[in-house]
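There are 2 protein chains.
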Amino acid sequence: MPGTPRTKEKTMRLPKHIGVIPDGNRRWAQSKGMTKDKGYAVGVEPGLALFRLCKEVGIKEITYYGFTMDNTKRPTVQRKAFTAACIQAVEVMTQEDVALLVLGNSESRMFPKELLPFTTRRTCGKGGTKVNILMNYGWEWDLNHLKLADPAHKSIMKHLRSAAVSRVDLIIRWGGRRRLSGFLPVQSVYADFFVLDECWPDFQPEHLFRALQWYHEQDVTLGG
Amino acid sequence: MPGTPRTKEKTMRLPKHIGVIPDGNRRWAQSKGMTKDKGYAVGVEPGLALFRLCKEVGIKEITYYGFTMDNTKRPTVQRKAFTAACIQAVEVMTQEDVALLVLGNSESRMFPKELLPFTTRRTCGKGGTKVNILMNYGWEWDLNHLKLADPAHKSIMKHLRSAAVSRVDLIIRWGGRRRLSGFLPVQSVYADFFVLDECWPDFQPEHLFRALQWYHEQDVTLGG
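Sequence lines, in order, name chains A and B. Sequential numbering of the first sequence, starting at 1047, is according to this note's numbering. Sequential numbering of the second sequence, starting at 1047, is according to this note's numbering.
Hints listed in this document are in silico derivations from the structure and should not be mistaken for laboratory results. Among the clues, some could well be false.
To be verified - Just the calculated beta-carbon pair ranges, DEER-fashion: (1) A:Ala1198 with B:Gln1259: 22 to 32 angstroms; (2) B:Thr1140 with A:Thr1267: 29 to 39 angstroms; (3) A:Gly1079 with B:Ser1152: 53 to 63 angstroms; (4) A:Gly1104 with B:Gly1222: 25 to 35 angstroms; (5) B:Met1203 with A:Arg1256: 28 to 38 angstroms; (6) B:Ser1152 with A:Leu1194: 21 to 31 angstroms; (7) B:Gln1076 with A:Gln1141: 48 to 58 angstroms; (8) A:Phe1255 with B:Gln1076: 45 to 55 angstroms; (9) A:Phe1255 with B:Arg1155: 25 to 35 angstroms; (10) B:Ala1210 with A:Leu1194: 51 to 61 angstroms.
Glycine is no exception: its CB is placed at the ideal position from the N, C-alpha and C atoms.
Taking the hints into account, I'd like the entire structure generated from these sequences.
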């Protein structure tokens, strides 16, 4: 009918950029009678599965919350375990068609040397989907860079250490906690926040679909 | 029994600082067959009720998300209505025992002139509980102040325009949206985020108690 608005429902409104907080690894390990450090290696496979699903659906950018500068203060056995898992996640990702970036304080010894080549974005395979993995990231480290910017420039985003990471539309957190825990505070200002009670190692494709369905039902106002 | 750890459950773990996002005013008005602008004035009374309850329970600081620089781009009739409601909220609050601060871009004409005296914290009555009301606030306006700071100083908090507002422990949002919408990005990095589906004008004391009960059940790690 002329003049009838086209129904928006016909296509699914997708987030361009998804932030992933893969929490609950330690609680998962303990629930299986294992020590906490055993919860990280099992998180690599879900990370790849999630990436492939996102790619298939048409998500343009994904940022994984690997580990933070705060996290590195945990017991050494845990620190080594999550660092190893994150390195493995990067290795696995280099086998995909992806534009890969590892972001974090790389001047510290907590940053794995072997990943230094990824601190500028690298094209793997045919490239395409942007994947950012935060490693030894800290929100203060990120925001402190603003102090070096010319106050005449009003933009914030461009002057962050995380400037290569765009605004996040949807954050999905596993493990039941309803908090950002320092995840990209600027890129997350308008993000919709979906929390799953399941721990990250128990990732199921259905989790992503549930989050996307929920996101689709939200209005997006960007603060307006 | 000697050596037995004291159970934490005996006392309720309370947030020191609660952030309040009183959303859903316009949807509430529409659901009552009123125009959107009619949803703001009815939000003043709940704000006072919430304050009194918080004070009673022992909360030390409350920050209300009044309106943002983005919000002022809405239709004039709405802008006037939420500005008037926020002014009234401040007037009402001055009758309480409170240390009151109105925070936002006061150099703009969108900032109500009559509230300029509150842009530095004022003691009302016997003082005590800190109450911050964000008016014509903008996260970029807030963070841009970091560009004036000496890069040698590593702290972020001290160099924000919102430096007088402390870290937020619990954010309660009415109106069902699960997002921060630019609310104090730095103070909120570790905040636990509780969302109520009820619109703000339908505030009930039970909402606060539900949020506090939930907060009590969370662990607090501050990113560790």
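Results of checking the hints against the structure:
For Ala1198 of chain A and Gln1259 of chain B, the hinted distance range of 22 to 32 angstroms is not satisfied, since their beta carbons lie about 48 angstroms from each other. Range check, Thr1140 of chain B to Thr1267 of chain A: Cβ separation about 32 angstroms, and the 29 to 39 angstroms hint holds. Roughly 58 angstroms separates the CB atoms of Gly1079 of chain A and Ser1152 of chain B, a value that falls within the hinted 53 to 63 angstroms. Separation of Gly1104 of chain A from Gly1222 of chain B is about 27 angstroms and conforms to the stated range, judged on CB atoms against 25 to 35 angstroms.
Checked against the hint of 28 to 38 angstroms, the C-beta distance between Met1203 of chain B and Arg1256 of chain A comes to roughly 36 angstroms, which is consistent with it. Look at Ser1152 of chain B against Leu1194 of chain A: about 27 angstroms separates their beta carbons, and that is inside 21 to 31 angstroms. Between Gln1076 of chain B and Gln1141 of chain A, the C-beta spacing of about 51 angstroms keeps the proposed range 48 to 58 angstroms intact. A hinted range of 45 to 55 angstroms for the beta carbons of Phe1255 of chain A and Gln1076 of chain B is inconsistent with their spacing of about 31 angstroms.
Between Phe1255 of chain A and Arg1155 of chain B the CB atoms are about 47 angstroms apart, so this pair departs from the stated range of 25 to 35 angstroms. One distance hint, 51 to 61 angstroms for the beta-carbon pair Ala1210 of chain B and Leu1194 of chain A, is violated here, with the actual separation near 25 angstroms.
The earlier numbered hints that this structure contradicts are 1, 8, 9, 10.
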